[in-house]
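Protein chains: 2
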Amino acid sequence: MPAEAALKEEDLQSTMTALGAAARAAAAALALADPEVKIRALMAAARAIRDNAEKIAAANAKDMAAARAKGLTPALLDRLELTPERIEAMAKGVEEVAGLPDPVGRVLAEWDRPNGLKIARVSVPLGVIGIIYESRPNVTADAGALCLKSGNAAILRGGSESFHSSGAILDCLQAGLKEAGLPEAAIQRIPTTDRAAVGILLTMSDSVDVIVPRGGRGLIERIQRESRIPVFSHLDGMVHTYVHTAADPEKAVKIVVNAKMRRTGICGATETLLVDAALAETLLADLLKALSEADCAIRGDEIVRRVMPQAEAATPADWDTEYLAPIIAVKVVSGLDEAIAHINRHGSHHTEAIVTEDAAAAARFMNEVDAGIVMHNASTQFADGGEFGMGAEIGISTGKMHARGPVGAEQLTSYKYKVQGQGQTRP
Amino acid sequence: MPAEAALKEEDLQSTMTALGAAARAAAAALALADPEVKIRALMAAARAIRDNAEKIAAANAKDMAAARAKGLTPALLDRLELTPERIEAMAKGVEEVAGLPDPVGRVLAEWDRPNGLKIARVSVPLGVIGIIYESRPNVTADAGALCLKSGNAAILRGGSESFHSSGAILDCLQAGLKEAGLPEAAIQRIPTTDRAAVGILLTMSDSVDVIVPRGGRGLIERIQRESRIPVFSHLDGMVHTYVHTAADPEKAVKIVVNAKMRRTGICGATETLLVDAALAETLLADLLKALSEADCAIRGDEIVRRVMPQAEAATPADWDTEYLAPIIAVKVVSGLDEAIAHINRHGSHHTEAIVTEDAAAAARFMNEVDAGIVMHNASTQFADGGEFGMGAEIGISTGKMHARGPVGAEQLTSYKYKVQGQGQTRP
Numbered sequence: 159m160p161a162e163a164a165l166k167e168e169d170l171q172s173t174m175t176a177l178g179a180a181a182r183a184a185a186a187a188l189a190l191a192d193p194e195v196k197i198r199a200l201m202a203a204a205r206a207i208r209d210n211a212e213k214i215a216a217a218n219a220k221d222m223a224a225a226r227a228k229g230l231t232p233a234l235l236d237r238l239e240l241t242p243e244r245i246e247a248m249a250k251g252v253e254e255v256a257g258l259p260d261p262v263g264r265v266l267a268e269w270d271r272p273n274g275l276k277i278a279r280v281s282v283p284l285g286v287i288g289i290i291y292e293s294r295p296n297v298t299a300d301a302g303a304l305c306l307k308s309g310n311a312a313i314l315r316g317g318s319e320s321f322h323s324s325g326a327i328l329d330c331l332q333a334g335l336k337e338a339g340l341p342e343a344a345i346q347r348i349p350t351t352d353r354a355a356v357g358i359l360l361t362m363s364d365s366v367d368v369i370v371p372r373g374g375r376g377l378i379e380r381i382q383r384e385s386r387i388p389v390f391s392h393l394d395g396m397v398h399t400y401v402h403t404a405a406d407p408e409k410a411v412k413i414v415v416n417a418k419m420r421r422t423g424i425c426g427a428t429e430t431l432l433v434d435a436a437l438a439e440t441l442l443a444d445l446l447k448a449l450s451e452a453d454c455a456i457r458g459d460e461i462v463r464r465v466m467p468q469a470e471a472a473t474p475a476d477w478d479t480e481y482l483a484p485i486i487a488v489k490v491v492s493g494l495d496e497a498i499a500h501i502n503r504h505g506s507h508h509t510e511a512i513v514t515e516d517a518a519a520a521a522r523f524m525n526e527v528d529a530g531i532v533m534h535n536a537s538t539q540f541a542d543g544g545e546f547g548m549g550a551e552i553g554i555s556t557g558k559m560h561a562r563g564p565v566g567a568e569q570l571t572s573y574k575y576k577v578q579g580q581g582q583t584r585p
Numbered sequence: 159m160p161a162e163a164a165l166k167e168e169d170l171q172s173t174m175t176a177l178g179a180a181a182r183a184a185a186a187a188l189a190l191a192d193p194e195v196k197i198r199a200l201m202a203a204a205r206a207i208r209d210n211a212e213k214i215a216a217a218n219a220k221d222m223a224a225a226r227a228k229g230l231t232p233a234l235l236d237r238l239e240l241t242p243e244r245i246e247a248m249a250k251g252v253e254e255v256a257g258l259p260d261p262v263g264r265v266l267a268e269w270d271r272p273n274g275l276k277i278a279r280v281s282v283p284l285g286v287i288g289i290i291y292e293s294r295p296n297v298t299a300d301a302g303a304l305c306l307k308s309g310n311a312a313i314l315r316g317g318s319e320s321f322h323s324s325g326a327i328l329d330c331l332q333a334g335l336k337e338a339g340l341p342e343a344a345i346q347r348i349p350t351t352d353r354a355a356v357g358i359l360l361t362m363s364d365s366v367d368v369i370v371p372r373g374g375r376g377l378i379e380r381i382q383r384e385s386r387i388p389v390f391s392h393l394d395g396m397v398h399t400y401v402h403t404a405a406d407p408e409k410a411v412k413i414v415v416n417a418k419m420r421r422t423g424i425c426g427a428t429e430t431l432l433v434d435a436a437l438a439e440t441l442l443a444d445l446l447k448a449l450s451e452a453d454c455a456i457r458g459d460e461i462v463r464r465v466m467p468q469a470e471a472a473t474p475a476d477w478d479t480e481y482l483a484p485i486i487a488v489k490v491v492s493g494l495d496e497a498i499a500h501i502n503r504h505g506s507h508h509t510e511a512i513v514t515e516d517a518a519a520a521a522r523f524m525n526e527v528d529a530g531i532v533m534h535n536a537s538t539q540f541a542d543g544g545e546f547g548m549g550a551e552i553g554i555s556t557g558k559m560h561a562r563g564p565v566g567a568e569q570l571t572s573y574k575y576k577v578q579g580q581g582q583t584r585p
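Going down the list, the protein sequences come from chains A and B.
Position 343 (the first sequence) corresponds to 501 in the numbering used here; numbering is contiguous.
Position 340 (the second sequence) corresponds to 498 in the numbering used here; numbering is contiguous.
Certain hints may be false.
Copies of the same chain look alike in the list, so a pair counts if it fits in one copy or across any two.
What the hints assert, rightly or not - With a straight-line Cα cutoff of 25 Å, these simulated SDA-like cross-link-like pairs (lysine to any residue) come out:
#1 K409 with N210
#2 K228 with R463
#3 K276 with G251
#4 K336 with K409
#5 K250 with W269
#6 K166 with A278
#7 K576 with L266
#8 K166 with V356
#9 K336 with R464
#10 K228 with A521
#11 K276 with T403
#12 K228 with R244
#13 K409 with K447
#14 K576 with P259
#15 K276 with D260
#16 K166 with R375
#17 K412 with A189
#18 K412 with P272
#19 K250 with D394
#20 K576 with A267
#21 K228 with S318
#22 K576 with R264
No lab work stands behind these hints: they were computed from the structure.
Based on the sequences and whatever the hints tell you, model everything.
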């Protein structure tokens with residue numbers, strides 16, 4: 159290896175180590191910060207975002223120009239762009255996080271023991287959160303704010319495309335921290351676009367407690383594979399909506415079209431529609447027609463193609479495909495049992511919905527389907543921390559460890575037991 | 159590689175795969191089991207343990223004979239031995255677990271959204287728990303019972319020394335499952351003492367959700383290093399008791415002696431005593447004398463050795479040593495700040511205690527010390543799920559992810575969100 163490359167690698171390693179140590183020290187201070195001080199920092203950060211809207215826009219223009227020169231797709235350019243409205247929405251989002259109940263120091267449970275010991279389980283921050291994301295620069299503000307609110311230090315690593323935009327937003331967050339007298343290292347970012355930095359971050363188990371990746375499947379897979387640190391993530395949103403025999407036809411059509419078509423690129427978008435065989439001669443046609451009229455391509459099984467001959471034939475791969483596009487796979491099932499079995503086999507434990515007026519069928523579906531979110535008579539597009547009233551989310555987890563479903567401020571905490579004695583010794 | 163070895167390896171792999179698949183299927187059934195049915199299975203298992211006490215004792219005698227022939231230490235032989243009292247205690251333990259509140263299906267939180275959606279966070283089992291332990295055969299009953307109560311399937315892997323004893327106990331647990339109509343595969347064990355089986359288990363992330371290791375540091379380290387599955391564990395119990403200036407002298411002496419000497423081999427035993435400098439001329443001597451009289455060896459800093467010249471000098475390594483023996487390291491600190499800093503640097507986030515009558519000092523200690531359990535005016539030997547009133551524990555975790563502190567039935571659950579709509583679509 160040439161001497162220069164070795165040196166650079168060493169530099170990166172020491173930069174990362176310093177970043178980790180600073181984050182750990184800031185986390186200790188943040189964990190003990192008064193709730194009012196955290197609110198002050200967040201409100202000041204929101205103000206700084208508004209006051210520096212032009213600076214942020216200028217930084218974003220730089221990123222956009224480079225991205226256009228690199229020939230990024232319109233979809234990626236759209237994710238990257240910060241309009242005045244989006245900058246204002248970012249500031250508002252930070253204010254909303256400020257207004258959430260403080261998730262630290264909540265007494266989660268308390269009880270007394272016969273020997274007089276008083277035991278309380280009290281929430282504490284997790285410590286240091288590493289957030290690895292792609293092109294959306296607004297994740298900088300969302301993730302930074304949520305970590306701050308929950309008393310955690312954040313190490314951010316945005317995509318190289320948004321390097322200048324994210325930097326300008328980070329300046330505002332750090333200005334807020336400074337104004338409130340909190341350590342600026344509470345929200346840091348990796349100061350290089352070198353991909354090797356991510357590899358190092360994933361091994362820093364002494365200074366990082368959780369990794370939250372936000373992005374495409376490739377990114378998440380790499381992180382799940384490489385990380386020596388626990389990861390809150392979801393690989394897929396292989397989401398189903400199941401229309402049960404006892405569905406209200408009007409609700410079913412509205413819900414299915416919304417669940418699939420409102421926004422096709424989000425993880426809560428429905429990808430497969432299951433319809434009870436008893437509805438094959440009735441509601442199925444209306445569902446297919448409504449989807450078609452909404453410009454959704456249909457891939458169906460034999461029964462579906464009997465009802466709508468122009469539909470493409472579904473192949474086995476379709477039952478496992480997250481299209482993230484205006485395409486839906488449609489399967490006719492014999493009833494509740496087959497629907498649950500199909501979902502537990504093909505789903506990704508993200509969000510699953512049933513449409514029915516039969517409460518018992520809904521209860522069975524919601525108990526037996528193994529997913530972070532199960533819904534009855536609602537669009538799967540509601541699978542979102544904001545829609546859940548959690549203020550904001552740093553991501554959605556499909557794992558069962560620690561956080562499941564939308565990951566908000568409360569899910570970024572752990573707990574400790576406080577035991578109050580009066581001199582007790584153990585016999 | 160000789161053909162025979164290759165075949166054996168293949169056999170082991172397929173045995174483990176089959177075990178995992180059976181556990182996953184049993185877990186799905188168990189997750190939906192009625193609380194009463196689980197209680198029935200546990201009570202039947204306790205009865206079977208009593209009814210088969212002689213069989214269990216005979217199996218244990220086999221293990222004991224083999225262990226003696228292998229020249230195991232008296233301490234290990236003691237851990238392995240099942241006396242009639244210990245068999246009865248095991249049966250009683252299973253009954254106690256049966257009597258715990260059911261941890262599955264609890265509504266952890268619920269709220270309504272402005273659009274009428276009703277959201278509930280409801281506890282669900284984690285799935286399949288792999289428990290890897292050493293010589294104590296009673297872990298078979300404790301761990302099996304806790305997993306069953308919490309709706310999880312268990313894959314047990316006991317030490318080879320306790321192979322026959324564990325097998326006899328497992329028979330009783332499976333008899334209980336059978337009597338209640340639950341799948342016997344809900345509690346299985348790895349049917350071989352081949353060490354390679356553990357290596358395979360740690361990679362079975364499709365069929366195992368959590369690994370809980372119980373045993374010495376070597377075992378835990380190997381598992382933390384190799385596992386591709388989340389681990390609930392603690393490597394050390396590097397536990398401190400801090401005697402603050404405002405300590406009640408009598409309480410302090412009683413607590414310190416109990417915290418160190420009640421049982422020196424458990425993870426909640428105090429290993430380092432910190433004493434405020436203001437007490438160097440007063441209480442320190444009483445503490446050292448009481449420890450000495452209880453046959454505890456003392457390794458002290460300079461001030462300690464001025465008070466008790468016969469004490470051995472502590473080396474820097476002593477501040478990081480978990481003796482698990484009648485030895486204590488004693489350090490004089492300048493006050494609360496130094497005590498907290500020392501503990502956060504040298505502690506293992508397990509259990510830490512302060513002795514003081516000053517409520518403000520206690521509150522600061524309990525907030526600022528980073529440990530799963532923090533105590534005020536109580537012996538650190540209370541760090542135990544049973545003493546916490548959690549019925550039993552499968553282990554103690556020093557990590558912040560998911561379970562922290564004693565891991566009981568409640569900590570073996572995750573949650574799902576149930577969203578109840580009336581036809582809502584997302585705007």
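Any of the earlier hints contradicted here, and which numbers? 1, 2, 4, 6, 9, 10, 16, 17, 19
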